[in-house]
Amino acid sequence: DSGVTQTPKHLITATGQRVTLRCSPRSGDLSVYWYQQSLDQGLQFLIQYYNGEERAKGNILERFSAQQFPDLHSELNLSSLELGDSALYFCASSISGGDNEQFFGPGTRLTVL
Amino acid sequence: AQKITQTQPGMFVQEKEAVTLDCTYDTSDPSYGLFWYKQPSSGEMIFLIYQGSYDQQNATEGRYSLNFQKARKSANLVISASQLGDSAMYFCAMRVRGNQGGKLIFGQGTELSVKP
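These protein sequences, in sequence, are chains B and H.
Numbering of the first sequence is given in our numbering, commencing with residue 3 and proceeding in unit increments.
Numbering of the second sequence is given in our numbering, commencing with residue -12 and proceeding in unit increments.
Honestly, I wouldn't trust all of these hints.
[Claimed, not checked] Computed beta-carbon distance windows for the label pairs:
id : chain 1 : residue 1 : chain 2 : residue 2 : range
1  : B       : Gln69     : H       : Thr47     : 36 to 42 Å
2  : H       : Ala68     : B       : His12     : 31 to 37 Å
3  : H       : Thr7      : B       : Ser29     : 34 to 40 Å
4  : B       : Ile62     : H       : Asp16     : 20 to 26 Å
5  : H       : Glu98     : B       : His12     : 19 to 25 Å
6  : B       : Glu84     : H       : Lys(-10)  : 24 to 30 Å
7  : B       : Glu84     : H       : Gln95     : 21 to 27 Å
For the record, the hints were derived by calculation from the structure and aren't laboratory data.
Ideal Cβ positions, reconstructed from N, Cα and C, are used throughout, including at glycine.
Generate the whole structure from the sequences, applying the supplied hints.
Below you can see the structure in the form of C-alpha cells.
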C-alpha cells in the first residue's frame, strides 16, 4: 500500500458525460501528479500540482481539468467524454515538487461506452 | 527530445535466476533521475528503485539493482534470484529537472514472466 488513495476504483459512463476522479496523497506529500495509461499511448503525464498551485502540464486535453485543494487532495475532471478516454488514470504523490520518488495510487479504471 | 526506450516487449526467466531489463534514455539535461516501477496484473504501480544522474554508485534495493552507464545513456534493471511474484510489467521512467516540475516520462514497458 503506497498510502495514496484514489476513488472510485472503477467508473463506467457514456460518451458526452462528465466524471470526477479523486486522489488523496500520502500524508506529508505536497505534490500530486496525474497520469493516464492507455493501450495505444502508454503512460502519459497529464498535470502536476504542488501545494495547491499548478506546477507542470503535459498532454492534457482541454476537456480535462484538475485542481488541488487546501487539504492537498486533488480532483481530475473529465468532460465531454469520448470512447478514446477509456483508460487507467493514476494519481501519484511526492514530498516535494521534483526530486523525490513518486508513489502511485491504485488507479481509477474509466470505461466510456 | 526526452525519451525512454525499452526494447524488450516481453521476457522469460527461470525462477531463481537473474534477469536484466534494458532501458535507454535520451536527454540533453545534465540533471535527471531514473526510476523503475513494477506493475503487476492487479494494475498498481510499485516504485522499485531510483538513480540520480550525479550518483557515483549504482543504486541497489534488495534484489533490485540498477546498472547505470551514463556514457551509454542506459539504466538497466537487474533482478537477482527471480521469484514467481516478479512476473509483471516493468516500466523505466525519467524525470528531468528544470521548469518541467517532477513529471515522469515512461518507456513502453517490458513484460517479465518468471517460469517455475
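So, going through the hints one by one against the coordinates:
1. One distance hint, 36 to 42 Å for the beta-carbon pair B:Gln69 and H:Thr47, holds here, with the actual separation near 39 Å.
2. A hinted range of 31 to 37 Å holds for the C-beta pair H:Ala68 and B:His12, which are about 36 Å apart.
3. The supplied range of 34 to 40 Å is met by H:Thr7 and B:Ser29, whose beta-carbon atoms lie about 36 Å from each other.
4. Remark: the range hint 20 to 26 Å for B:Ile62 to H:Asp16 is upheld by a beta-carbon distance near 22 Å.
5. The hinted window of 19 to 25 Å between H:Glu98 and B:His12 holds, with their beta carbons roughly 23 Å apart.
6. Distance hint check: the CB atoms of B:Glu84 and H:Lys(-10) are about 27 Å apart, consistent with the given range 24 to 30 Å.
7. Between B:Glu84 and H:Gln95 the beta carbon distance is about 23 Å. The supplied range of 21 to 27 Å therefore holds.
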